[in-house]
Structures are given as C-alpha cells and as structure tokens.
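Chemist: Letter by letter, the chains look like this.
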Amino acid sequence: MAAISINVSTVKPLGDRVFVKVSEAEEKTAGGIYLPDNAKEKPQVGEVVTVGEGKVNDKGERTPVEVKVGDKVLYSKYAGTDIKLGGDDYVLLSEKDILAVVS
Amino acid sequence: MAAISINVSTVKPLGDRVFVKVSEAEEKTAGGIYLPDNAKEKPQVGEVVTVGEGKVNDKGERTPVEVKVGDKVLYSKYAGTDIKLGGDDYVLLSEKDILAVVS
Amino acid sequence: MAAISINVSTVKPLGDRVFVKVSEAEEKTAGGIYLPDNAKEKPQVGEVVTVGEGKVNDKGERTPVEVKVGDKVLYSKYAGTDIKLGGDDYVLLSEKDILAVVS
Amino acid sequence: MAAISINVSTVKPLGDRVFVKVSEAEEKTAGGIYLPDNAKEKPQVGEVVTVGEGKVNDKGERTPVEVKVGDKVLYSKYAGTDIKLGGDDYVLLSEKDILAVVS
Amino acid sequence: MAAISINVSTVKPLGDRVFVKVSEAEEKTAGGIYLPDNAKEKPQVGEVVTVGEGKVNDKGERTPVEVKVGDKVLYSKYAGTDIKLGGDDYVLLSEKDILAVVS
Amino acid sequence: MAAISINVSTVKPLGDRVFVKVSEAEEKTAGGIYLPDNAKEKPQVGEVVTVGEGKVNDKGERTPVEVKVGDKVLYSKYAGTDIKLGGDDYVLLSEKDILAVVS
Amino acid sequence: MAAISINVSTVKPLGDRVFVKVSEAEEKTAGGIYLPDNAKEKPQVGEVVTVGEGKVNDKGERTPVEVKVGDKVLYSKYAGTDIKLGGDDYVLLSEKDILAVVS
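Chains A, B, C, D, E, F and G, in that order, are what the protein sequence lines are.
Using this note's numbering, the letters of the first sequence correspond one by one to residues 45 to 147.
Using this note's numbering, the letters of the second sequence correspond one by one to residues 45 to 147.
Using this note's numbering, the letters of the third sequence correspond one by one to residues 45 to 147.
Using this note's numbering, the letters of the fourth sequence correspond one by one to residues 45 to 147.
Using this note's numbering, the letters of the fifth sequence correspond one by one to residues 45 to 147.
Using this note's numbering, the letters of the sixth sequence correspond one by one to residues 45 to 147.
Using this note's numbering, the letters of the seventh sequence correspond one by one to residues 45 to 147.
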C-alpha cells in the first residue's frame with residue numbers, strides 16, 4: 045500500500061475550510077493585553093496558512109471565505125480537526141468556527 | 045513557535061458576531077431599576093466593542109448586524125465564547141444571542 | 045469596570061423578540077373565565093412592553109412582529125429569558141413562543 | 045401587579061396556531077363509529093374555536109390555515125399547550141399538529 | 045361538554061397526510077408471495093381511504109400527494125398515529141412515511 | 045378485514061425510494077475482489093428492482109433517481125426498511141442511502 | 045440468490061460521494077513532514093479513486109465535486125463507510141467529509 049506524505053505548503057482546504065497554524069499565547073508581564081494562563085492548555089489562537097475557495101450556495105456560486113492567509117484568528121476551543129505536522133500543531137476549521145480576526 | 049498577542053482594539057468579529065465587554069450590574073439602593081443579586085453571578089449585560097460585517101445570505105449579500113458599537117446589550121446567559129483580556133471579561137456573541145439593547 | 049443600569053422603558057428587543065411584563069392571573073369567584081390555580085405557579089400571561097423590528101428574511105426584508113405594545117399575550121411556559129427589574133417579572137420572548145393574543 | 049383575565053371569545057392565536065376546545069369522545073353502543081375507551085384518557089378530538097392568520101413564508105406572504113372555525117379536528121395526542129378556562133379544556137395547536145378534519 | 049362522533053367516511057386528512065385502513069397480511073400456503081409471520085404482529089400494509097390536498101410549498105402552491113384512494117401501500121412500522129374506529133384499525137400517515145404502493 | 049398480498053413485481057416505491065433485492069456477497073478464492081467474511085452477516089450489496097419517480101423539489105419538479113433498474117448497488121448497512129417476500133430479502137431505500145453503483 | 049462481486053474499478057459513487065483508497069501514513073525519520081504515530085491507528089489520508097457526479101441543487105443542477113481522481117485527501121476520522129476489497133481498505137465519503145487536498 046502506497047504511503048502519502050503531507051507537506052504543510054500543499055494542504056488545500058476544501059469549501060469554506062481554513063487551515064490554521066496553532067499559536068501559543070504570549071504572556072506579557074508588563075502593560076499590554078494577554079491571554080490568561082488557562083488559555084494555554086488548549087490554544088484558541090492561530091494564524092491562517094491557507095483557505096478554501098468558499099462554500100457553494102444554492103445558485104452554484106462560491107461565497108469567498110472572510111479571512112485571508114496571514115490573518116491571526118480566534119477560534120472555538122472545540123472546533124475543527126487537529127493535525128500535527130512536523131512537530132507543529134495545525135487545525136482545519138470551518139469558517140463558521142472562526143470567531144474573530146485579531147490583527 | 046511564534047506567539048500572538050491580542051489587543052482589544054484589534055479584535056474584528058467575523059460574520060454576525062459581536063464583541064462585547066461584560067458589565068457588572070449596578071445595584072441601586074434607592075429608586076430606579078436594578079438587576080437582582082443573583083444576576084451578578086453570571087452577568088448578562090455588556091457593551092458592544094466591535095461588530096462583524098454581518099452574515100452572508102443566499103444571494104451573497106451581507107445582512108448588517110442590528111447593534112452598533114457602544115450599545116448596551118442584554119444577552120443570553122450561556123451564549124457565546126468568554127475571553128479574558130487584560131483582566132477584563134469579554135464575550136464573542138452571535139447576534140442571535142443578543143436579546144435586547146438597553147438604554 | 046463600568047456598571048450598566050437597566051431601565052424598563054429603554055429595553056429595545058432585537059429581531060423578532062418581544063419584551064413582556066409577566067401578569068398574575070386573576071381569579072374570579074363568580075361568573076367569568078379564569079386561569080386555574082396551578083397556572084399561578086408559573087405565569088403564562090403577560091403584557092407586551094416593547095417589540096423588536098422583526099426578523100430579516102432571505103431577501104433582507106424585515107417581517108414585522110404580529111403583536112403590538114399593550115397586547116395581552118399567552119406564552120409558552122418554558123420559553124424565553126426571565127428578567128427581574130425593580131421587583132417586577134419580565135420575559136424576553138421570541139415571537140414564535142407567543143401562542144395567542146388575549147382580549 | 046395588574047392581573048389579566050382571559051375570555052375564550054377573545055383568544056386570537058398567532059401565526060399558524062389554532063385554538064381548539066377539547067371534546068369528549070362519544071360512545072355509541074349501537075351501530076356507528078366510536079372512539080375506543082382508551083381514547084378518553086387523553087382526548088384527541090376537538091372543535092376549532094379560532095384560528096391564526098397563518099404563517100408568513102419567505103416572501104412575506106401568509107399561508108392561510110387549512111382548518112376553519114367550527115371544524116371538528118383530530119390532533120396529535122402530545123401536541124400543543126393545554127389551557128383550562130372556566131372548567132373547560134382547550135388546546136393551542138400548531139396547524140401541523142392537526143391530523144385531520146372529521147365530519 | 046359536547047361529544048364528537050367520528051365517521052370513517054368524513055375523515056379529511058390535512059396537508060400531505062393520508063388516512064389508511066390497516067390490512068392484515070394474507071398468508072398463502074401455495075405459490076405466490078406472502079408477508080412473513082412476524083409481519084402480522086405490527087401490520088405494515090394498508091389501503092388508502094382518503095388523502096390530504098398536499099403540502100404547501102414556499103410559493104404557496106400545493107404539491108399533490110403521490111398516492112390515491114384505493115392504493116395498497118407499504119408504510120413504516122413506527123410511523124403515523126394509530127386510530128381505532130368501529131373495531132377496525134386505521135393510521136394517519138404523512139406521505140413521506142409511505143414507502144411504496146403495492147399492486 | 046380484507047388481506048393484501050404483495051407481489052414483488054408490483055411494488056412501486058414512492059418519491060426517491062428504491063426497491064432493492066438483497067444479494068449475498070460472492071466469495072472468490074482465487075484472484076479477483078471479494079467482500080470480506082464479516083460482510084455476510086448483514087449484506088450491503090443488492091440489485092435494484094424498481095425505483096420511485098424521484099423527489100419533488102421546491103418548484104414542484106421531480107428530480108429523477110440516479111440509479112436504474114438492474115443496477116448493482118452498495119448501500120448503508122443500517123439504512124432502509126427490510127422486507128421479506130417469498131423467502132427472499134428486499135430493502136426499501138432512500139436514494140441518499142445508496143452509496144455507489146457497482147457494475 | 046445470485047451473488048454480486050465488487051470490482052474496485054467499477055465502483056461509481058452516487059451524488060457527492062467520493063471513493064477513496066485509504067493510505068498508510070509515511071514516517072520520515074529525517075527532514076520533511078510526517079504524520080505522528082497515533083495517526084496510524086485510524087488513517088485519515090487517502091487517494092481518490094472515483095467521484096460521484098455531484099449533488100443536485102434546488103434548481104435540478106449538479107454541483108460538481110471539488111476533488112478529482114488521483115487527489116490525495118485528508119478526511120474526517122469517523123466519516124464515511126469503510127469497505128475492504130481484495131485486502132485493501134477503501135472508504136466511501138461524502139465530499140463534505142473531505143477536509144483538504146494534500147500535495
């Protein structure tokens with residue numbers, strides 16, 4: 045049985061899916077805003093690596109995904125499918141599971 | 045792995061989501077209207093910080109969100125995703141989870 | 045953290061929601077119609093205080109709410125979100141949870 | 045707190061709801077058709093008292109309710125909201141819970 | 045409280061509902077096709093007595109029911125509402141619960 | 045109560061339903077492809093006997109069923125309604141429960 | 045009862061279904077990207093063998109499937125129907141269960 049190797053740069057999400065690299069939340073000790081400690085246990089922040097071409101509506105037209113490559117995003121804690129590639133954590137999300145873009 | 049810091053002013057909710065700063069209910073001892081004590085345990089009142097551009101309907105058009113920045117809102121007790129930033133409590137809500145604008 | 049005070053007259057329900065003041069059922073001992081005793085335990089009758097502008101349909105048009113301010117309404121026992129303001133009981137209902145207008 | 049009295053003649057169901065007076069099934073000992081004994085425990089037969097104006101469809105038009113005042117109807121055993129008024133049993137049903145008009 | 049008597053010939057199903065007289069499966073000892081013994085315990089075969097005018101679609105038009113009076117039908121074992129009238133078994137089915145017309 | 049006999053050739057499925065004769069999986073000891081032993085316990089392969097005229101869409105038009113009489117089909121293990129006629133096993137499936145045609 | 049033999053090359057998925065040959069994840073000890081060990085227990089990677097003609101929308105038109113024969117795909121761990129043919133593992137997936145095309 046032939047094996048398939050997965051390369052991050054070649055992952056092309058389908059439909060309204062978004063491929064996101066999971067980020068660790070930065071803790072700032074002075075000033076600024078930070079994610080609380082307990083957010084580290086299951087990160088909810090990431091950076092968009094690739095996006096799908098969008099969902100097809102009833103007219104056969106695609107609705108483009110609202111986020112773009114490079115966007116930092118907040119996403120639902122329990123959403124999507126976790127994928128570990130080369131030691132890094134990724135997640136394949138539906139656009140609806142992305143809550144907000146955080147620049 | 046690169047870390048992402050989140051700044052309240054840069055949070056841009058997607059779709060029909062609304063970014064809300066959770067308020068503590070004010071207790072007035074004289075006259076006026078107030079939220080009962082038990083409402084403090086899990087606040088249901090907040091102020092809109094930013095709003096998404098609205099949901100895309102079947103025609104590919106966006107329906108604008110009904111609330112605007114600065115609105116005080118009542119929202120469902122168990123709705124949305126809680127986020128703690130810089131010691132303050134925020135919640136990312138779908139517009140449908142907002143029950144009413146108050147004052 | 046700033047507090048928000050809620051005034052009944054400023055509550056503006058969103059979408060097809062309706063803000064209702066809960067009524068106690070009147071018991072008449074002679075003639076007339078009355079709600080049975082057990083209906084008192086969890087009132088299902090109220091008076092409309094304010095109404096939302098209606099739901100947006102797929103064409104981006106609002107469907108006006110069928111009830112109006114001042115209407116006495118019967119509503120589902122377990123529907124909506126209960127709110128206590130100034131010692132009185134209110135409920136925020138979706139229009140679909142209102143069963144009928146009474147007199 | 046003001047009380048509200050409910051008068052059967054003033055109940056106006058919303059949407060596709062139908063206000064039905066619950067009937068007791070008649071038992072005929074000779075000839076004819078009758079409902080079996082066990083149907084008495086939870087009546088499924090009633091007479092339409094008032095009807096709503098019908099549901100609003102996606103085009104903003106109302107679809108009139110298929111039954112009319114005075115119709116005898118068969119309805120689902122566990123459907124609707126039971127209301128007791130003046131010693132009589134009523135039920136507020138969605139049109140979809142009405143199975144058939146009888147006679 | 046007035047009683048209502050139900051006559052089979054006057055039952056008029058609503059929407060896409062179909063009024064069906066339950067049949068006992070015939071057992072043939074020679075040749076032919078027959079329903080197995082265990083099918084007798086809960087009949088799945090019946091004859092259409094009356095049909096509704098069909099469901100209303102989003103355009104306000106009725107889609108006629110696919111079966112007609114007199115059709116022998118196979119229906120889902122657990123579908124519909126059983127009604128016993130004059131010693132006979134009837135069932136009120138949604139058209140979608142009718143699997144096939146037989147013979 | 046009149047009995048109804050069912051003849052395979054007269055079964056006419058409604059809507060998008062498909063009447064399928066269940067097949068036993070063939071085991072080949074040499075070369076070729078075969079279904080594993082455990083597939084015999086609950087067959088998932090069959091031959092289409094008759095098909096419905098297709099589902100009616102919102103425009104009142106029928107969408108023809110994608111399979112045709114004589115097609116060998118793979119179907120979901122737990123889908124449909126099993127029917128035993130004359131010693132043979134049949135199943136009434138919705139088209140959506142048919143996974144693939146296997147020539 | 046006639047038996048049906050299944051040949052991989054003749055499997056034609058219906059609707060938006062996709063017939064996928066399950067791949068074993070390749071483990072690279074040096075450089076490159078690889079799937080972690082625990083991904084081997086239930087593979088989520090495969091190669092598209094055949095695709096259906098796409099789902100029919102409300103207008104009676106087919107929306108073509110977004111993947112094509114030969115595509116390497118990532119799919120949901122618990123999606124689809126597993127089929128073992130000739131010693132190899134296959135899976136029949138709905139297009140919506142395919143998360144991404146890889147390489």
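None of these hints come from the bench; they were simulated from the model.
Fair warning: there could be bad hints in the mix.
Stated by the list, open to error - Negatives, chain G to chain F, calculated, CB over 10 Å:
(1) Thr54
(2) Val55
(3) Lys56
(4) Arg61
(5) Glu91
(6) Gly96
(7) Lys103
(8) Asp115
(9) Tyr122
(10) Ala123
(11) Asp141
(12) Val146
What the hints assert, rightly or not - Dumping the calculated DMTMM-like pairs for lysine to aspartate or glutamate here, alpha-carbon to alpha-carbon at most 20 Å:
(13) A:Lys103 - D:Asp115
(14) B:Lys103 - A:Glu110
(15) D:Lys103 - B:Asp102
Ideal Cβ positions, reconstructed from N, Cα and C, are used throughout, including at glycine.
Chemist: Each hint: holds or not?
Modeler: Each hint, compared with the structure:
1. For G:Thr54, the shortest C-beta to C-beta distance to chain F comes to about 4 Å, within the 10 Å cut-off, and the non-interface label is violated.
2. At roughly 5 Å, the least C-beta separation between G:Val55 and chain F is not larger than 10 Å, which violates its mark as non-interface.
3. The claim that G:Lys56 lies off the interface is violated: its Cβ sits roughly 5 Å from the closest Cβ of chain F, which falls inside the 10 Å cut-off.
4. Not every CB of chain F is more than 10 Å from the CB of G:Arg61 (nearest about 6 Å), against its label as outside the interface.
5. The claim that G:Glu91 lies off the interface holds: its Cβ sits roughly 17 Å from the closest Cβ of chain F, which is beyond the 10 Å cut-off.
6. With 10 Å as the threshold on Cβ separation, the claim that G:Gly96 sits away from chain F is violated: the shortest Cβ distance comes to roughly 8 Å.
7. A beta-carbon of chain F is positioned within 10 Å of the beta-carbon of G:Lys103; the least distance is around 8 Å.
8. With a least beta-carbon separation of about 18 Å from chain F, G:Asp115 lies farther than 10 Å from that chain, consistent with its non-interface assignment.
9. Taking the minimum C-beta to C-beta distance to chain F, about 15 Å, the non-interface status of G:Tyr122 holds against the 10 Å cut.
10. With a least beta-carbon separation of about 13 Å from chain F, G:Ala123 lies farther than 10 Å from that chain, consistent with its non-interface assignment.
11. Every beta carbon of chain F lies more than 10 Å from that of G:Asp141, the smallest distance being close to 13 Å; the non-interface claim holds.
12. Here G:Val146 stays apart from chain F, with its beta-carbon at least about 24 Å from theirs, past the 10 Å limit.
13. Note on A:Lys103 and D:Asp115: the hinted pairing is violated, with a Cα-Cα distance of about 43 Å set against a maximum of 20 Å.
14. Of the pairs offered as hints, the one joining B:Lys103 and A:Glu110 holds, with about 16 Å between alpha carbons and a cut-off of 20 Å not exceeded.
15. As the CA atoms of D:Lys103 and B:Asp102 are separated by approximately 14 Å, the hinted pair is consistent with the 20 Å bound.
The structure shown violates the earlier hints numbered 1, 2, 3, 4, 6, 7, 13.
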